[in-house]
Structures are given as C-alpha cells and as structure tokens.
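Residue numbering for the sequence shown follows the working numbering, beginning at 1 and increasing consecutively.
Treat the hints as calculated values from the structure; they're not laboratory data. Heads up, the beta-carbon is just placed ideally off N, CA and C, and yes, glycines get one too. Do not rely on the hints blindly, as some may be mistaken.
In silico DSS-like pairs for lysine-lysine, Cα to Cα no more than 25 Å straight-line [stated by the list, open to error]:
#: 1; residue 1: Lys-165; residue 2: Lys-119
#: 2; residue 1: Lys-113; residue 2: Lys-101
#: 3; residue 1: Lys-24; residue 2: Lys-101
#: 4; residue 1: Lys-119; residue 2: Lys-34
#: 5; residue 1: Lys-92; residue 2: Lys-34
#: 6; residue 1: Lys-50; residue 2: Lys-24
Simulated restraints on C-beta separations [stated by the list, open to error]:
#: 7; residue 1: Leu-80; residue 2: Lys-119; range: 18 to 24 Å
#: 8; residue 1: Phe-27; residue 2: Arg-118; range: 28 to 34 Å
#: 9; residue 1: Asp-62; residue 2: Phe-131; range: 29 to 35 Å
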Amino acid sequence: MIQIKPIAKELIPELVAYVMDFRKELFPMIDHGKLPHDLAHFEASYIEDKYAVFLVATDLSDTIVGTIGMRTYDHRFTHLNYERQLTTEVQKLYVEPSLRKVGLGTCLVSALKEEAERKGIEMLYLHTHPFLSGAQEFWAKQGFRLVCQDETPVYQAIHMELQLKELSENNINQHKATELKLT
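Produce the complete structure using the sequences and hints provided.
So, in structure tokens, the structure goes:
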C-alpha cells in the first residue's frame, strides 16, 4: 500500500537525497555539486510558505517512492505573466521507475491539485523539457495546457498551466449533468 502525504520534517534529509539522485539521472548536464535554492532552504520553500506543499508517496516501510511539490511562483520567466492571479509552480514530480505507468504519478498530481484548491490557488504553472520522454503528454492528460516552448539550446523549456477555477467550474458542471441524467 502506498500513502501520499505532506512531507514530515524528519524525512527532509532523505527527501533531498532522493530528489538529488533523480536530478542527477534526469539532468546530467547541470552542476550537482550545489543544492538548488529550494532544496537548500527546504522549510522556507515548501513548509513556511502558506501556498506551498511538498507531498511524498511512501510504501509500507516508509520508503519514499514518489514526490511532487508546489511553491509560490517566482516570476523568473519574464515572458510569462502570472502577476494577476495566485500562481504556484509544480515541481519535482518523481516516481520510482518500478512504479511508473501504474497511476502513482496521476495520484500525486491529483493530491497536489486538492491541496492547491484547498489553499485557494488560482493557477498551477510548470515547465518540463522535450528530453524528458512522455512528460508533456503526461501533463496534458492531467489537464495542463501548453503555453509556449522556449527555443533555447539544451533545455527548450515547455511551459504549461492549469487554471484551477476553470477546473472547479467544469467539475461542478459535470456533477450537474450527472444529476440531470439521474432525475
């Protein structure tokens, strides 16, 4: 049985090591000698920020088998404008290779969407890359839409977003349609 829950403080060192191992595998072209800012300042980035959360999927032995986080978007991509709505950036969706294609990634995203809606987040933003096989398609299946793709060498960031207010309204409309069919 796998459980998805917010990270416990005592698991942060294990989580940081887990995420760094995935980063080394997925992004061999970057310098892994220095922790990224959000991992070096994990509590400030994901626990103290009232709009942030970091979820972990753990197995029966409390071993981390998947992760996903979100934190307040920092507006570092100047060609994207999210200043008029409360936006968080989805980050670090990692799933153990042996548990891929069985729905764990989708469960992590669903749990994150629930947290975002509970916190009043209006927009979820993320970026992925074409060299991450299947990533853009996965996010599209989760309801994210393509905003644009950068034409920079190596990374070619694919920017995607999910408007949560529209998601909630669609869910309400689907529920109403179900009620109508039943009466």
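Hint check:
no.	hint	verdict
1	Lys-165 with Lys-119	holds, 12 Å
2	Lys-113 with Lys-101	holds, 20 Å
3	Lys-24 with Lys-101	holds, 22 Å
4	Lys-119 with Lys-34	violated, 31 Å
5	Lys-92 with Lys-34	holds, 17 Å
6	Lys-50 with Lys-24	violated, 29 Å
7	Leu-80 with Lys-119: 18 to 24 Å	holds, 21 Å
8	Phe-27 with Arg-118: 28 to 34 Å	holds, 31 Å
9	Asp-62 with Phe-131: 29 to 35 Å	holds, 32 Å
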